[in-house]
Amino acid sequence: MRIARFLVRRVLAAVPVVLAVVTVTFAIIHLVPGDPVQVIMGADADPQRIAEAREALGLDRPLAVQFADYLGGALTGDLGTSFFTRQPVLELVLEKTPQTLQLAVAGIGAALLISTPLGVLAAVRTQRRGRKAGDQTAFTMWTSILVATPDFLIGTILVYLFAVRWRWFPVAGSEGVPSIVLPAFALGLSLAGIQARVVRASVLDSIDGPFVRTLRSAGIRERRILFRHVLRNASIPVLTLLSVEFGRLLAGALIIENIFARPGLGTLIVDSISRRDLPAIQGEILIVAVIILVVNMAMDVQAAAIDPRVELH
Amino acid sequence: MTITAPAPPRDRIGQLLHHRTVLAGLVMLTAVLAVTIIGSAVYPGDPVTTHPLNILQGPSSEYPLGTDQLGRDVLARVLHAGLLSIPLGMMAITGGAIVGSTIGLIAGFLGGVTDTIISRIVDVLLSFPGLLIALLVVAILGPDSTSAVLAVSITATPSHARVARSTVLNLRSASYVEAARVSNTRTPAMLRRHILPNVRDALIPIFVIGMGNGIIVLAALSFLGIGVQPPAADWGVMLTDGVRSIRTTPLVALAPAVMMYATVLSINLLGEGLGEVLSRFRRTSYLGAE
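The listed protein sequences derive, respectively, from chains A and B. Every letter in the first sequence is one number past the one before it in the numbering used here, and letter 206, counting from 1, is 206. Here the numbering used here = 1-based position in the second sequence + 313.
Simulated from the structure, these hints should not be mistaken for laboratory data. From a predicted model like this one, the values you see are computed outputs, not experimental measurements.
In silico lysine to any residue, SDA-like type, Cα no more than 25 angstroms apart, as pairs:
(1) K96/A <-> V177/A
(2) K132/A <-> L226/A
(3) K96/A <-> G538/B
(4) K132/A <-> A337/B
Using the sequences provided together with the hints, build the complete structure.
Written out as structure tokens, the structure is:
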């Protein structure tokens, strides 16, 4: 019940943002310098065909009517037709979305795989050394090497090392599980840096906490305390972090796809921009934005479900 | 009597340089800039001349880093690309920082409806990744280097606006500012002595880290083929060429990758270090302790 109310409030809060996104994507075609139809069809297109296209895109109608139509379409899942492939934009986008989401999820997995042991080890070490003040600065400095790593650069370096030099994984493509390993790590590495800081901080927070003392006095083994209780506690801030960072991760996936020649939303958007397929771009950006909003919302709700202390406002 | 904020600790520069992270970043950045600027001036190779007979060669005495798929000198290209990537990225962020901080200051000072409207817009912009906003701008303006620079500028605007605004808001309720106000300090003096130095210290780390980010986003756009357009080449364009031939001549991709990584890493270290030291300065001035 508590969660349901939280969900409703969270959805209501997102409505104006969604409206803003719809308005901005609607504006794309009208903000193009010069005549958008000329831009789409090329400078030397036949005037007759330009007039036809203008009518087909509905650009000859009053702006308010166009907006109402676009908004209505967006709400009912009609995002117009790609000017290049003549396919419905929604169909184009939905066809590629699963690949991109798959990569994003794999990236999160890779980040967790790196950050959890790193954060835990660092916390345990700080604890053993008596929590010296400099430890935090040093850890921040070392992890900033990960954080400052642009995903498409590390992608290139990973391809060189693991695909060209040692041939452990394929250079490119999207066939089979091995093909997603390198893109996932390329994507997850910079997230892992921030995550490791969060894991370290929250492990340090609870490693001396009252519940740990209780467990210890009950004779529970240290290892079990760490893995079953301390880490579970650390999962809440990690989840919050994922919610904040998801947008960046998804944006990273759009680039990484291009390095590894994986068909997805990233390659789709870049193709559309290069072809100046404005109707397609509108729909693609709208969907990416909505995915980010929905995932943020889902993670917030999830965090609220795990942690009874989360303020439900 | 005029109460002024306590003077900042003597020799700020000395304190900054004393910080390990700041120093590491500064040394690395100087090295990268020196290699790029001096290297491109001194190295005789030409970045654009194609040598059809010498394509995709490994390192040799003639071409220290080999050649790309058009037979161009990779070393010359990576040095000259730096002369494009670094200034363009910095220019873009500087523009965005000026506009963003101004907007944030206005929102913080005026408050009321202006603040509400500006803050709402900034919130919406910040809830999406910079790259998505950059893609949107490039989609509107068309894929070339001017729109890419403008796009990167726009991605830097909201973060600067938010920090400038929140610093002003915090200061407005700070007790020493209140004290200055009741003792009749005039607005220009108030701004110069109390508000702007603090806003500046809060913005510097954001600005520096933003530069690293700007260089990345710009290179990402070029890498995707919707930023700097060939034959001009920044590190992003070089990377596109390099990834295509990574099996045969990995240096074509690794050279720009390493240079860019070093640049961005040094800028980030510098920014994070500055953030730590400057927040220490600010804390002392809030508490009025020296």
